[in-house]
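Student: Given only the sequences and the hints, what does the whole structure look like? Please build it.
Number of protein chains: 2
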Amino acid sequence: MSDPRKGVVLLSGGLDSATILAAAIDEGFDCYCLSFEYGQRHNTELAFARRLASRLGAIEHRVAQIDLKVFGGSALTDKNLQVPDFNEQSGSIPITYVPARNTVFLSFALAWAEVLGALDVFIGVNAVDYSGYPDCRPEFIQAFESMANLATRRGVEGQKLEIHAPLLQLSKGEIISKGLALGVDYAETVSCYQLDTVGAACGRCDSCGLRREGFAAAGVNDPTLYQAADRD
Amino acid sequence: MSDPRKGVVLLSGGLDSATILAAAIDEGFDCYCLSFEYGQRHNTELAFARRLASRLGAIEHRVAQIDLKVFGGSALTDKNLQVPDFNEQSGSIPITYVPARNTVFLSFALAWAEVLGALDVFIGVNAVDYSGYPDCRPEFIQAFESMANLATRRGVEGQKLEIHAPLLQLSKGEIISKGLALGVDYAETVSCYQLDTVGAACGRCDSCGLRREGFAAAGVNDPTLYQAADRD
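Chains as they are written, first to last, in the working numbering: chain A, 5 to 236; chain B, 5 to 236.
Quick caveat, the hints were computed from the structure, so don't treat them as lab data. Worth double-checking, as some hints may not be accurate.
Chain copies aren't distinguished; within one or between two, either way the pair holds.
[As the list claims (entries may be wrong)] Taking lysine-lysine pairs in the DSSO-like style, the calculated list, with each CA pair at most 27 Å apart, reads:
{"hint": "1", "residue 1": "Lys182", "residue 2": "Lys73"}
{"hint": "2", "residue 1": "Lys182", "residue 2": "Lys10"}
{"hint": "3", "residue 1": "Lys10", "residue 2": "Lys73"}
{"hint": "4", "residue 1": "Lys10", "residue 2": "Lys164"}
{"hint": "5", "residue 1": "Lys164", "residue 2": "Lys73"}
For clarity, every value in this text was computed on a predicted model and none was experimentally measured.
Tutor: As structure tokens, then:
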């Protein structure tokens with residue numbers, strides 16, 4: 005039996021996914037949040053995800069253990085590769101790209117949706133202020149949705165599974181404005197690829213750079229705790 | 005850099021995937037085999053996969069640890085659910101279906117292909133003598149391939165990633181005949197969902213039933229070791 009009120013939300017603990025969780029709850033969905041322990045160097049984000057799920061009012065939060073480190077190839081999962089600074093990189097796909105990560109994450113969300121009877125999956129990808137990852141583009145999300153409807157029991161039974169990516173066409177500043185209107189406390193989110201042990205952001209990586217620009221564009225205070233060298 | 009000789013092969017240790025590995029090697033591919041420890045009750049199959057990769061001449065074999073048990077919902081990953089006997093089930097999707105399993109497996113294969121620079125992924129799904137799983141159908145494979153070409157670095161760069169499912173339209177008997185011609189020793193493969201501790205097959209589950217019928221249809225001896233009750 006499917007339940008149209010249930011939604012599976014991919015929750016990283018970051019600014020974007022906190023916003024989609026708040027928006028999905030605001031739309032009336034009962035939200036089941038999914039995070040991944042995938043060998044990321046920034047796995048402090050899982051503690052942020054757990055707290056966000058609770059504060060924003062999700063029904064449940066699960067963390068799936070998956071092994072993406074087994075393949076290497078990304079600075080986010082391979083400690084021998086260095087995370088580049090914001091604006092330091094070329095125009096091509098950066099080294100922080102984790103191969104097929106959103107495909108893998110959405111596949112797991114699809115599996116849980118099948119078991120829950122949910123027909124709606126939410127992902128916080130963004131095609132405006134993003135890092136040039138191929139799996140953050142609208143055409144990828146559409147193709148995944150088409151595939152998902154052929155992959156699963158509900159699809160075979162003629163029900164329509166929908167992949168929601170409500171931030172796809174928003175700038176970082178617009179995302180922040182939207183989340184603030186929904187009551188998101190962005191001090192409880194984390195974007196940095198290389199947080200230190202007390203949870204302070206490096207202020208230098210691509211993800212910190214986009215986040216800083218976003219708060220500036222939204223015209224609001226950036227509540228992020230940055231490491232000392234960047235707070236002067 | 006992509007390398008057109010490299011192929012990623014999803015290898016379960018079963019009859020179908022052993023056949024596609026032999027066929028891909030016969031076509032000249034350097035094969036990188038991928039298996040999963042996903043909480044399956046029949047994880048003896050991983051030892052079979054390791055041996056098959058070595059015997060058939062794969063370049064490498066990796067086992068990715070992933071957590072599909074976290075969602076439950078299948079008799080293959082939930083020990084509280086019973087595996088039904090062959091022909092015991094209704095015409096609908098059986099309880100041994102693991103939600104979105106092939107989507108998850110292909111997503112991981114895609115990740116490894118990206119890192120390796122491979123443009124070819126092989127999967128042993130079969131739409132003739134199969135168990136009615138939605139993710140074993142040709143339209144699913146095609147949709148996954150379309151999505152994969154939008155999800156990845158190679159796709160963005162204009163290279164074409166191909167999902168090969170060469171058994172899609174073959175009967176189990178035809179698969180066995182094909183494999184025998186390629187030198188596959190099917191005594192080294194396992195199909196059973198509930199092997200006992202010495203590696204003998206139950207002879208009763210859906211997967212054993214399809215395997216037995218396949219050897220009969222191919223007109224060759226079935227080399228499978230079945231449990232005593234079924235050998236009389």
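Student: So, against the hints stated earlier in the document, which numbers end up violated here?
Tutor: As far as the earlier hints go, only 1 is violated by this structure.
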